[in-house]
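Kindly generate the complete structure, drawing on both the sequences and the hints.
Spelled out, the chains give:
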Amino acid sequence: MAISLSKGGNVNLSKEVPGLNKVVVGLGWDARATDGAAFDLDASGFLVKLDGKVRSDSDFCFYNNKIVADGAVQHAGDNLTGAGDGDDECLKVELSKIPADLDKVVFAVTIHDAAERKQNFGQVNRAYIRIINEEGGQEIARYDLSEDASIETAMIFGEIYRVGTDWKFKAVGQGFAGGLGPLASSFGVSV
Amino acid sequence: MEIRRGQRVSITELCQCANTQVLHVVLSISGIQDTVDFACFGLNNQQKLSDDRYMTFYNQPNSPCGAVKLIASALGSSTFLCDVAVLPQTIDRLVFTAALNSTETMHDIHNGYVCFLSANQEVARFSFSGSDFHDEKALMLGELYRKDNTWRFNAIGQGFTGGLAALVMHFGGDVIDALPPPVSRISLEKKVAALAPKLVDLAKKATISLEKHRLSATLAQVGLVLDASGSMYAQYDKGKVQQVIERLLPLAVHFDNDGALDVWAFSNKVLALPPATLRNYADYIASAEYGWRQWGMMGINNEPAVIEQVVKHYQNTTLPILIIFISDGGVSQNTVIKKLLVEAAKLPIFWQFVGIGGRNYGILEKLDTLPGRVVDNCGFFALDDINSISEQDLYERLLSEFPLWLEAAKLKGIIQ
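Chains as they are written, first to last, in our numbering: chain A, 229 to 419; chain B, 430 to 845.
Since the hints were made in silico from the structure, they are not lab data. Treat each hint with caution, since some may be false.
As the list claims (entries may be wrong) - In silico SDA-like cross-links for lysine to any residue, where the CA-CA straight-line distance does not exceed 20 Å:
no.	chain 1	residue 1	chain 2	residue 2
1	B	LYS477	A	ASP258
2	A	LYS346	B	ARG554
3	A	LYS320	A	ASN249
4	B	LYS477	A	ALA259
5	A	LYS346	B	GLY559
6	B	LYS576	A	GLY236
7	A	LYS235	B	ARG575
8	B	LYS620	B	GLY460
9	A	LYS235	B	SER439
10	A	LYS346	B	ASN540
11	A	LYS320	A	GLY364
12	B	LYS641	B	LEU828
13	B	LYS768	B	LEU796
14	A	LYS346	B	THR590
15	B	LYS477	A	ALA261
16	B	LYS576	A	SER374
17	A	LYS235	B	GLU442
18	B	LYS576	A	GLY237
19	B	LYS775	B	VAL740
What follows is the structure, given as structure tokens:
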């Protein structure tokens, strides 16, 4: 039984699944049911140091940079509409491959062309992030954002972070003004 | 509090107080020429309309539990009173919608808003405009929804190009029955309700006849010719002519874009009266041109003069015209009337003669078989008293021959 997190809540993944190594971070949302431009949500991951910044731009994992840190984080492809069951976008994380000088993987979702399409997360239904054990496909934790997402166009959904030898996952649900560019900048990525 | 599209807020935040559950929700859209139909859909936890009675709109102004009430309607605006505490557990969501019937789209909106009043004070407003939309014809403006035993509001501002039908599909797909009655009916009743609530019942009856005769979508101008010769004195004096105005006005409002009934009174001469409208109908006979007693009528009847004047009045009109011609008989100028109506057969005018309380209708009774016309442009029926038949019957009779003429006139190219 997956743990359902609220905003700010966290779970110790290593305690939930001892020996956990490969995780899939699934992001999903409902395709637009009304008429108008589709909701195209893009997932991205930032591998950051203790100070919350990337080592270099190559630690920013997104649809144009799919394999990061020798495969510690991989982007599995871009869904343009949210159509279909299950996760719409996912990133794979191999915990044992995360370099020792990095402490955290932050998962963010931005709305593509949000300003032009006049869209924000409050218009998107049933957005969520979930953490799955790649071996066996078991869902470990889940965070539904619908009530925490509103007029933002970029959101930090959650983060996997190192605590001693354990890995924890935290449901962040924090909005960020301005979209993917400014978001990436805030993690030290030069865009 | 300003609410932006997509924003979600709890109603305690919205009302800025802890206990308020009763909200006035005002929906308003300006810039649209035609009627905007507002509604509130009560949905279940699957976001479906499982109970048609929870579609609150003009024809169904109260939800069964009384939690949702349509308390005011005007052109381009509706106000709902929502007491969410009274809603049954099966209703999880109240979605406020707007729909258009004409060729206009939501892009034509000048200004629109969903505004919340608590204790008569505006507490929050979600504003939108046409630039937020493209060719949507129905919108979900916003929704109040249950979340963890509290109620929240989401400013949706999204919709469907497929209009109300697509919206209803979205709320349940197969619920065809939930589709509101045809457009014209809502429009007519709404127009009437906004300005002349006393006529709502008549408007409903007129609507039934209009639909039955497939006239819902017909545009026309409606004119009324009133016999005001001396023999009509009692009819005016007893208020029966005033009742004619009231009974006919819903037809004019339906057919006519300006919602006005053109009126002429005649005896030996003709008097063009100001149009009767939803605003002035209530004491029309007693007040138009200082009231019927001041019209200088009540002499002999001169039908040809008024027929000529009506023809002249509509000479540049391209819409079909329905003239309802009230007479109490004593018709004597048969040859002239005949000649005028034969000539008028090539014009886009249909003459519905109604005899009331009289006798000796002369040529009027034989108009249906009048030879020498391109199309049959006249109808006649007589009543002992205009109040002796039900309103429904009256509309049936008034509208029975007009559609036949419309078809024939179209075939002959008299109307488009």
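Taking the hints in turn, this is what the structure says about them:
1. B/LYS477 / A/ASP258: At roughly 16 Å apart (the allowed maximum being 20 Å), A/ASP258 and B/LYS477 satisfy the hint.
2. A/LYS346 / B/ARG554: holds, 19 Å
3. A/LYS320 / A/ASN249: holds, 11 Å
4. B/LYS477 / A/ALA259: Cα-Cα ~17 Å, so holds.
5. A/LYS346 / B/GLY559: Roughly 13 Å separates the two Cα atoms, so the pair holds.
6. B/LYS576 / A/GLY236: With Cα atoms ~19 Å apart, B/LYS576 and A/GLY236 stay inside 20 Å; holds.
7. A/LYS235 / B/ARG575: holds, 19 Å
8. B/LYS620 / B/GLY460: Satisfied, since the Cα-Cα distance of roughly 17 Å is no more than 20 Å.
9. A/LYS235 / B/SER439: holds, 16 Å
10. A/LYS346 / B/ASN540: holds, 17 Å
11. A/LYS320 / A/GLY364: holds, 14 Å
12. B/LYS641 / B/LEU828: Cα-Cα ~10 Å, so holds.
13. B/LYS768 / B/LEU796: With Cα atoms ~11 Å apart, B/LYS768 and B/LEU796 stay inside 20 Å; holds.
14. A/LYS346 / B/THR590: holds, 18 Å
15. B/LYS477 / A/ALA261: holds, 13 Å
16. B/LYS576 / A/SER374: Given pair B/LYS576, A/SER374 holds - Cα atoms ~11 Å apart, limit 20 Å.
17. A/LYS235 / B/GLU442: holds, 19 Å
18. B/LYS576 / A/GLY237: Holds - the C-alpha atoms of A/GLY237 and B/LYS576 are around 19 Å apart, at most 20 Å.
19. B/LYS775 / B/VAL740: At roughly 11 Å apart (the allowed maximum being 20 Å), B/VAL740 and B/LYS775 satisfy the hint.
The structure meets every hint from the earlier list without exception.
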